[in-house]
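Undergrad: Generate the whole structure from the sequences, applying the supplied hints.
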Amino acid sequence: MSDLLESPDEVDLRAGVREMLAAECPWQSVLAFVSSGGEAYDQKLWRTLGTGMGLAGLLVPEAQGGAGAQWRAAGVVVEELGRAVAPVPFLSSAVVATTALGAGGSPALLGQLASGELTAALAVPYGLWKAPRLLSVAGGVVTGTVRGVADALGAGLLLVPAEDGLYAVEGSAVRRTRVVSLDETRPLCDLEFAAAPARLVASLEAVPCALRAAATLTAAEQVGLASWCLDTTVEHLKSRYQFARPVGSFQALKHRLADLWVELTQARAVVAYAVADLASGGEDASVAASLAKIVGSEVAVRAAEECVQMHGGIGFTWEHPAHLYLKRAKATSVAYGSPDRHRARLAGLVDLPLEAS
Amino acid sequence: MSDLLESPDEVDLRAGVREMLAAECPWQSVLAFVSSGGEAYDQKLWRTLGTGMGLAGLLVPEAQGGAGAQWRAAGVVVEELGRAVAPVPFLSSAVVATTALGAGGSPALLGQLASGELTAALAVPYGLWKAPRLLSVAGGVVTGTVRGVADALGAGLLLVPAEDGLYAVEGSAVRRTRVVSLDETRPLCDLEFAAAPARLVASLEAVPCALRAAATLTAAEQVGLASWCLDTTVEHLKSRYQFARPVGSFQALKHRLADLWVELTQARAVVAYAVADLASGGEDASVAASLAKIVGSEVAVRAAEECVQMHGGIGFTWEHPAHLYLKRAKATSVAYGSPDRHRARLAGLVDLPLEAS
Amino acid sequence: MASLITEADLRDRISAFLADHDPAAAAGGGDAERLAFLRARFDAGLAWVHFPAGLGGLGAGRVLQVVADEAFAAAGAPDNRPGRIGIGLGMAAPTVLAHGTPAHHERWLRPLWTGEEVWCQLFSEPGAGSDLAGLATRARRDGDDWVVDGQKVWTSMAHVARWAILLTRTDPDVPKHAGLTYFVLDMTAPGVEVRPLRQLTGEAEFNEVYLTGVRIPDDHRLGDVGAGWKVAQTTLMNERVSIGGGALPREGGMIGVLAKAWRDDPARRTPGLHDTLMRLWVRAEAARLTGLRVRQQLAAGAPGPDGSAVKLSFATLSQQISAAELDFLGDEGLRRDSWAMSRPEEVDFTGRDAGYRYLRAKGNSIEGGTSEVLRNIIAERVLGLPAEPRVDTRVAWKDLPR
Amino acid sequence: MASLITEADLRDRISAFLADHDPAAAAGGGDAERLAFLRARFDAGLAWVHFPAGLGGLGAGRVLQVVADEAFAAAGAPDNRPGRIGIGLGMAAPTVLAHGTPAHHERWLRPLWTGEEVWCQLFSEPGAGSDLAGLATRARRDGDDWVVDGQKVWTSMAHVARWAILLTRTDPDVPKHAGLTYFVLDMTAPGVEVRPLRQLTGEAEFNEVYLTGVRIPDDHRLGDVGAGWKVAQTTLMNERVSIGGGALPREGGMIGVLAKAWRDDPARRTPGLHDTLMRLWVRAEAARLTGLRVRQQLAAGAPGPDGSAVKLSFATLSQQISAAELDFLGDEGLRRDSWAMSRPEEVDFTGRDAGYRYLRAKGNSIEGGTSEVLRNIIAERVLGLPAEPRVDTRVAWKDLPR
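Protein chains in written order, with UniProt numbering: chain A, 1 to 357; chain B, 1 to 357; chain C, 1 to 402; chain D, 1 to 402.
Among the hints, a few may not be true.
A short list of chain D residues far from chain B (calculated; beta carbon distances all over 10 angstroms) [claimed, not checked]:
#: 1; residue: P126
#: 2; residue: D265
#: 3; residue: V382
In silico DSS-like pairs for lysine-lysine, Cα to Cα no more than 30 angstroms straight-line [said to hold, decoys possible]:
#: 4; chain 1: C; residue 1: K260; chain 2: A; residue 2: K130
#: 5; chain 1: C; residue 1: K230; chain 2: B; residue 2: K238
#: 6; chain 1: D; residue 1: K260; chain 2: D; residue 2: K398
Just so you have them, the derived chain B footprint on chain D, three or more residues with Cβ under 8 angstroms [to be verified]:
#: 7; region: 191-205
#: 8; region: 331-344
#: 9; region: 348-361
#: 10; region: 370-378
#: 11; region: 391-400
No lab work stands behind these hints, which were simulated from the structure alone.
Even for Gly, the Cβ is constructed at its ideal location relative to N, Cα and C.
TA: Quick look at the structure:
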């Protein structure tokens, strides 16, 4: 059985990332980022995080200039980024795109990604949960469109799954249209490849693995997000008085938060299992990834919705951060397969089919 | 739009039935009935109700010795019987079997049913929700089995749907095996027809109508049942003290009961609509019946479960009536189609299919 | 008791009125024609027929209002844009009528009903939401005036309102319910500052209203000094009645949007979402039938508590249905029309995008009384369950912990 | 601090013990052989290895208990039927150890562990369920004895128990938590009457226990007079730890029954039930993984609050899963095996019929602390939310409303 507890190294990593984010990414700056609505991601924060702390290369082997760390470390980082709804392309570039390149990916490319100077995005819809639609490459150029890609707006490189492999296309060679996104902390964009020059950089082999990692680590992000919502709601309810009592002393709210805590505690265990299983090579990885994505999505949305509701009017305003979490929660619940999609997949994996076989 | 409010006559009828049941059918007698486990139904109560109050013939035309009343009146009676979990075959005999006989049924038979001296049961499984399985009649005898029929154990007559019509078979001519039933206030039994003499008494035409009425009026029963559970729980929580406070002052319980009250209020409106729609000839009757059966089943089960839980330990004992309601609630949720079955049927009726057409 | 107007009487009066005042011309003309028509309708007692004669009504039964509104609509007459002046019609008017003087009635009711003067409500404060009676906006007597300082919030229409109903604290030394006084505030008075309050949808339906040394003549007080809580009950009770809402056909509300999306897009259907859809369809239809039953109760002159069920389930359903729509739309649901800050005067649940519905619906369980407060009310007033131990009702307001 | 026994040490001791005591012979022999083996295991310190030396243990870490139990099981040794003596092992033993005298330890622990003497717990009363500290069973001092009168309820195993842990009120004139005293009661003493308590499944797992003039020597008191609440905390804390439960494989619990029913009966499958099934499967697996994580925390010597999540979700899940099974079975689920009143000593969630599971599961959110009390505990002790206003903690017990 996997070890579901955090190692001392992981505890340290979490503390370091959290401390950095507290200083560099308070919610006020995320709100300002979203309100200005122009940038693809927070570039200053990404420099600090990706390059300064070296997290861009967390999963890149040491030989290619990365940290060669385990999935478990990535899980810790993503969870903390989720707590902060940080507008940086760690998950899309340093996890999904990096994994899609796989062990056989170009060392030079991996090196660039590891440095944080280049970010890449896998050119698939954010909600993708099964094999991607493959574009056609002929004569070294790719043509076609992909809608609603996460973090592609600021990516230097787009990784395009095509019939015979994964191709790299320079971001500047693609027509990118920003989508007015439900979650503006991770804006989507539509991609239009019009005979864009493309070079083969890897086989498609690692793409399913990247999508599995994407689902699993999105769940880690959701656990972080839900934690923030629960913690923030509890603090608010301790200090907010109505009827000359702290609102947190009202039993109906206490019971709902207790239930939410139970759900979050379970999600934490499930995500720990799923990340550990990715790390161990993962014979149960598909089951674990679906499980994590379901449980993570449910707790994130519920936590964010309760956070808005229990803050009363203030939680409904633009000036309070709750909505940043609500929008991220709902968007991530779609990302890499909704709970509904993963339940259907899980049914097949654990031999509980709807139809008679 | 149907009138969803109760008429003065209906208010009077309700009061009369409730008063009678308070005197003749307190929960202690239902518990004694269930604990002894021998009888098919409470014969003394049925004499008072069916014959004494004339309710056995409520839906039988006056020409055949009945009251010629409307469905709405039957709804009132059934709701009150549900409040009392009364172990009498009103729903199965005076509603379902009587309706199945239809306008073309034998006047003599209807007269006997109206008098309350004879009870009949439609020989279909209690959970039936679509067209019944048809038995074969040849040479004036019927052979075959039907499992899990409600109130058939004490029925003088069994109405058997066969290919060419509805046949009547004397109860004594059938091998009847009592089922140890989840709801012993309405015990099921298995029927074995071994060349039992059968006579044609009606066409099959009225059977779908009977099943629709069965679903609708079961929902009325469920509303009555849920009302008892809510009322009883509220009374208990007002008088039970823990922590030197009435338990009903704890907000978490108050909120759950408020939600239950909302659900019950809605179920009441839905059932009023569905019963009125049956009465009016019912162009929307199938939609209304499915709607009522879904909403009624859900509120009954939830109310009974909350009743057990909020009574604490005492609600878990045999000596408290809560379990009578819990078992009836769960059994009626299966009766004449579970919510799941009715949602699927409804989807077809309101053009919201699962599959592309 | 004088005999009430019958429906036939009313129809006769309306016919006579329409013979004298061409509805089509009023509707097709400019603002002046429209206004002239509405004023004449008011003066004929055909505005709110259950109001007293001389104040826009005929002292008729409340039931007949539907008859009047339908008759004028059928004739193509212009209406008073009720969506825009809902607070005036639903809350201010009954309160002015019940607690105002004849001079108040004369001054305020006609322009309120015609829509010439928009009203808003200054009750909620940042520190007093569910606990409205705990509010802190202070009014101090100064000669024939009162001087008001404080901050109000969640005020829809404040930026276009001419008048406000205002609840203030005039005595902090008594328990909180006893120290309140109710005024009508001139929104153009010096010291009234209105700021838009942006909400999570990006827009600003609501405002914050800052009151700094605002003078209100004592003549604009409704009810006695210290009786503000009682006066406010009139306002709030009418709010609850009016929230019962209009009669919709099946699939008339947000569920219709989801059902249409489902029908239009077979490729997105899954068994799991179908189950959710059908559960919501059933609950929406149950809520709709409950609303119809409430209207029948009202019409029969027997209003019950069932209206609370309508408001509570509306909030839950609008949130669940809009969430299900986003789930159904998947990737496409993550696209919004705009985050621009606009100033809508009405909530448009069926015209905007799915993201708007999901976000805006979050307000339904907060505005007009949170779902939590509503559950308390149902538990205590409908079910008769005992109140929680109270720590705030016998202490002077100024000494309460906050 | 003395160095603890290592796992290797422990394994050596077990091997040596098994070389001297043939486990197979003990298991295959009669009661006498079995008992002799268990007594020897106790005396060798291999019973509960974290207990002190001389009292069945070695003062080892709690983690090592699993090692010992597995080693004995692997060798085919007879066990002490822990399902039957759970209250003794889980609650009475830690309390006797923590608050008893050496004489108490000597007298009670060995026969408790070997199962020769079954224990039960006399805490709950008809009037004191969630509010345990409000209990009314009275103990009055009389010479060297106490005389006890009262009624206890929900006592499993009382009909076969030799001893009980008993919480009584010895001083009604002080606030309720201060007036309690804790005893060990001889269940064979005159005045102890045990009556089966039939439950909604038809059976009677539990009992009511009537105490009428029952004499208990003062020597059987655990802790000081008036310190009963503190002593009871030891009992209850250990109850909560022990409820964390054993490690099950995937689909090991009630969900496995539902999954099997689903696999065995394709004709009953519907899309709606499939959605429910998968939601429950996911929640059951999440609960299982949470349980594993709790065990890892305990093994690492870092017990956290997550165990509360396990108990709470177990209750919810067992109810939802058993309800879903009935929904799946439809008509067939309405048939039960029997309503006969029997006296089962264990809950059998996987061996009985679906109706039994549905009904019995209703008790899971009541017994051992209601789900409501558990939510209060989580909210206050884990999340740190403030307590409700209390009206019962400063008043003499006798003056409390009830």
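Undergrad: Give a verdict on every hint.
TA: Verification of the hints:
1. Against the 10 angstroms criterion, D/P126 falls within the reach of chain B, whose nearest CB is about 8 angstroms from its own CB.
2. At the 10 angstroms boundary, the C-beta of D/D265 stays outside the reach of chain B, the nearest C-beta of that chain being 15 angstroms off.
3. Taking the minimum C-beta to C-beta distance to chain B, about 16 angstroms, the non-interface status of D/V382 holds against the 10 angstroms cut.
4. Restraint check for C/K260 and A/K130: satisfied, since their Cα atoms lie roughly 27 angstroms apart, inside the 30 angstroms limit.
5. With a CA separation close to 29 angstroms, the supplied pair C/K230 and B/K238 stays within the 30 angstroms bound.
6. Straight-line distance between C-alpha atoms of D/K260 and D/K398 comes to about 54 angstroms, which puts the hinted pair past the 30 angstroms bound.
7. By the rule of at least three residues with a Cβ nearer than 8 angstroms to a Cβ of chain B, the coverage given for the region 191-205 of chain D holds, with 5 such residues.
8. Only when three residues or more bring their CB closer than 8 angstroms to a CB of chain B does the claim for the region 331-344 of chain D stand; here the count is 9, and the claim holds.
9. With 3 residues having a Cβ less than 8 angstroms from any Cβ of chain B, the region 348-361 of chain D passes the three-residue criterion, so the hint holds.
10. Requiring three or more residues with a Cβ within less than 8 angstroms of a Cβ of chain B, the coverage given for the region 370-378 of chain D holds, as 4 such residues are present.
11. Coverage of the region 391-400 of chain D by chain B holds in this model, with 4 residues showing a Cβ closer than 8 angstroms to a Cβ of that chain against a need of three.
In this structure, the hints that do not hold are numbers 1, 6, in rising order.
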